[in-house]
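K.L.:
Chain by chain, the residues run as shown.
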Amino acid sequence: MSDISQEQRQGDTFGFIRRNIRQYGILFALIIIMAFFQIVTGGILFRPVNLTNLFLQNSHIVIMAVGMLLIIVAGHIDLSVGSVAAFVGALAALMIVRLGLPIPVVIVLSLAAGAIIGAIQGYWIAYWKIPSFIVTLAGMLVFRGLTMWVLQGQSIGPFPREFQMLSSGFIPDLFGPDKPNTLSLILGWGAACVILWLQIRNRRREEAVGIADEPFAFFAAKNALIFIALAWMSWALANFRGLPNVFIVMAVLVALYAFLSERTTIGRRIFAIGGNAKAAKLSGINSERVVFLTFVNMGMLAALAGMVVSARLNSATPKAGTGFELDVIAAVFIGGASMAGGVGTVIGAVVGAFIMGVMNNGMSILGIGIDYQQVIKGLVLMAAVIFDVSNKSKA
Amino acid sequence: MDSILEMRGITKEFPGVKALDNVNMTVRRGEIRALVGENGAGKSTLMKVLSGVYPHGTYDGEILYNGKPMAFRGIPDSEHQGIVIIHQELALVPQMSIAENIFLGNEIAHRGVIDRQETNRRTAELLAKVGLRESPETKVGTLGMGKQQLVEIAKALSKKVDLLILDEPTSSLNENDSDALLRLLASFRDQGMTAILISHKLNEISQVCDSITVLRDGATVAHHEGMVPESQIIRDMVGRSMNDRYPPREPKIGEVVMQVKDWTVSDPSRDRLLVNNASFALKRGEVLGIAGLMGAGRTELAMSIFGRSMGDWKSGEVTIHGKPADLSTVPKAIAAGLAYVTEDRKSLGLVLDDTIRRNIPLANLPGVAPKGVIDRQKEGQVARDYRKQINIRSSSIDQATVNLSGGNQQKVVLAKWLFSGPEILILDEPTRGIDVGAKYEIYTIIRDLAAAGKSIIVISSEMPELLGITDRILVMNEGRLVGDMPTAEATQERIMSVIIKSGHNLTDETLTPEEIEAENAHV
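Each protein sequence line maps, in turn, to chains A and B.
Once you know that position 305 of the first sequence is 305 in UniProt numbering, the rest is easy, because the numbers rise by one and skip nothing.
Once you know that position 169 of the second sequence is 169 in UniProt numbering, the rest is easy, because the numbers rise by one and skip nothing.
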């Protein structure tokens, strides 16, 4: 029995590519896009200073994309994240600048506010079965309005240095001020090694029980690429100002949510609800509570993104976060999630966010107008989804 | 003889199944013909051939209508000739008015602008013909099932119908509405219309039909003119022989495990009882069958016990090992040791795009995830064990369930529920749509589970299957348990006659129209 299936798997390299074309395709697309802009910008894209900017400018999208991925996998949507981010950013500004509360307290209260907002929206969606599109469309208007009201139409700022560190700070070097930044290098290289080790350990286990699906050449190439990219990137950043604080936040969140979505019962339940809500319910899954929690989580991440953005801009403004929801949702779909629910990966959504980010950045360096930028981004989103649909109908 | 319709040598094959095998049927002008047969005998397939749902060329044989050969390519073709079919599931848009529904796709319009007055006037005429006193502007969704059925008939009448086909028109109606519908049908006949009535209810057939055609296993096995004894029709319907398609077993039946008392469930609109005062006991190691026709309330009974997953629970209680059990939600039912294997594995049983490995632990995720983190080694082990144990044929445990055959999909659903560690398994149509070999395997699994001390309820529309694998058979009809017999004493004829006799004397327990009005007003 196992001989037969082993044999089938050996001869199934093509099948493996076909099944996983989306995951490889998206990574491949990112590499192509990066290479393209690296060349046409004359090497500006990968300069440490630009690389640093790339992370700073896209961190809020990545932070929200991991939450949005869960929402979309569960078969829902959240249009309110931009407004919620702006609203919580404004609340945080109010608490810091006007009330003078300590920064850690403000961060905790802001996250709680985001969670409460998510809970209110999630309650109507999960327990009253009101379509999420409508609830969060209403939320988008309500929280935009509340943002203006809280700020009285003005910007609040500047923030103390301590709060700005949240987005524009870099991790300190414990080993002295020389370049490269040793701690950054240790963290970056350490992470690259840990990831490689985890992958190899997992591969060994799969091989031991004969369930390794991915052809070895793919496995080796993929991990070599990831390792080299991480190691090189750490080196480049360490030679500039070190790893940005927000990069650490982002990396931790991505790792956490990738684990949550793939390896935990709650993650599995979210996928099952999106894949077949009725079957999930009849399997004893408390769909209402799971959907509710994904919205609470989304609210919290939107709050975090709101703080990061206002810390970077050094002020909370009534117009902050306008259109964020569309960038976040686009990132998730470019990353291979399905509108129908049940399909998607956290890593895909993050890669999708970086595709958008690199394109924004590269086109800005080239001096392409905002008009063309919008058109091109729209076409990329459309192309990604068309690719998905045609791929699925062929399978 | 003036025949309106002649179907000659109709044969229709699906991949692997011959649904119709050389069927011949001639219908006289101006009669009501009954078409009867067990579930799966081919009645609906035959009517789909006639109405063009299966276009000309996808079947063998010929259709003569008014003496001329017909080659329908679709429903519009047959409707153009005056053949109109009303399906068992009503095809009305609840949010639209009666008038809009009746002329849907056939609107009275000038240059695309709908003439509302003319539409309403014609609708009022049609409603008068079917005896429905409602405004044409009434939304269909606010009407009860009986009135909706009348709207369907009015819709058919709007199309100049000569031959009306009704597929189980009364299966979701209460007694009063059924009677009214049948009287209406008889009055149409007196005005010269021809009708074919597909029905399971032999009392209705004897009430209005002029002749009867019996289908069995895709072939016409009998034709009767006028009244014949019901026993004769039943013999015609079930007359196939039993062969040894079932694994032998020696039942070891123990104490009572689950007791259901006075279980009553209504449909969500509260105008009909889906399950009416059902009581039964299930013993350890027992395989208990529930027989009945489609729409008898068997699935409703099972799903309402399993976490009230269907209908509105009204009254009744369940005790497990003598103690009252709280089964009010699915998680509670699972915790109490129940498992329900659905009849609709694709839409209710599986996450189709997911793999075997990911589907199996779905009803018992903690079983592979101590502390909430999934142990992939354990998960893979569980999937491989079940794949081997119940012989799920697949390329690997990482194959998506959508690509499995029906029988193997069913085994994945079974594996999912076996992994939840149930004491009581309810299997709803466990062998529907799967091939004979896979059926035998499923029967063997059921036998082994019972031998291991599990208690099993099998709901099935295939009577030979129930007779072959169960210890005791409950008979259900129109929401009530109407028979309870040891399998050793049961025969297909006996079950069928219990069903048919029980259909004659209702009314006292169904709600009257006044009561429905009162209930609706209350809500």
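In short, the hints are calculated from the structure, not lab data.
Hints should not be assumed to be uniformly reliable.
[To be verified] Once the Cα atoms are required to be at most 20 Å apart in a straight line, the calculated PhoX-like pairs of lysine-lysine come out as:
(1) B:Lys332 <-> A:Lys281
(2) A:Lys281 <-> B:Lys346
(3) B:Lys18 <-> B:Lys68
Note that this is a predicted model, so its numbers are computed, not measured.
K.L.:
The structure should be examined with respect to each hint, and the outcome stated for every one.
P.N.:
The hints, checked one at a time:
1. B:Lys332 <-> A:Lys281: 12 Å, holds
2. A:Lys281 <-> B:Lys346: 14 Å, holds
3. B:Lys18 <-> B:Lys68: 27 Å, violated
The structure fails hint 3 only (numbered hints given earlier).
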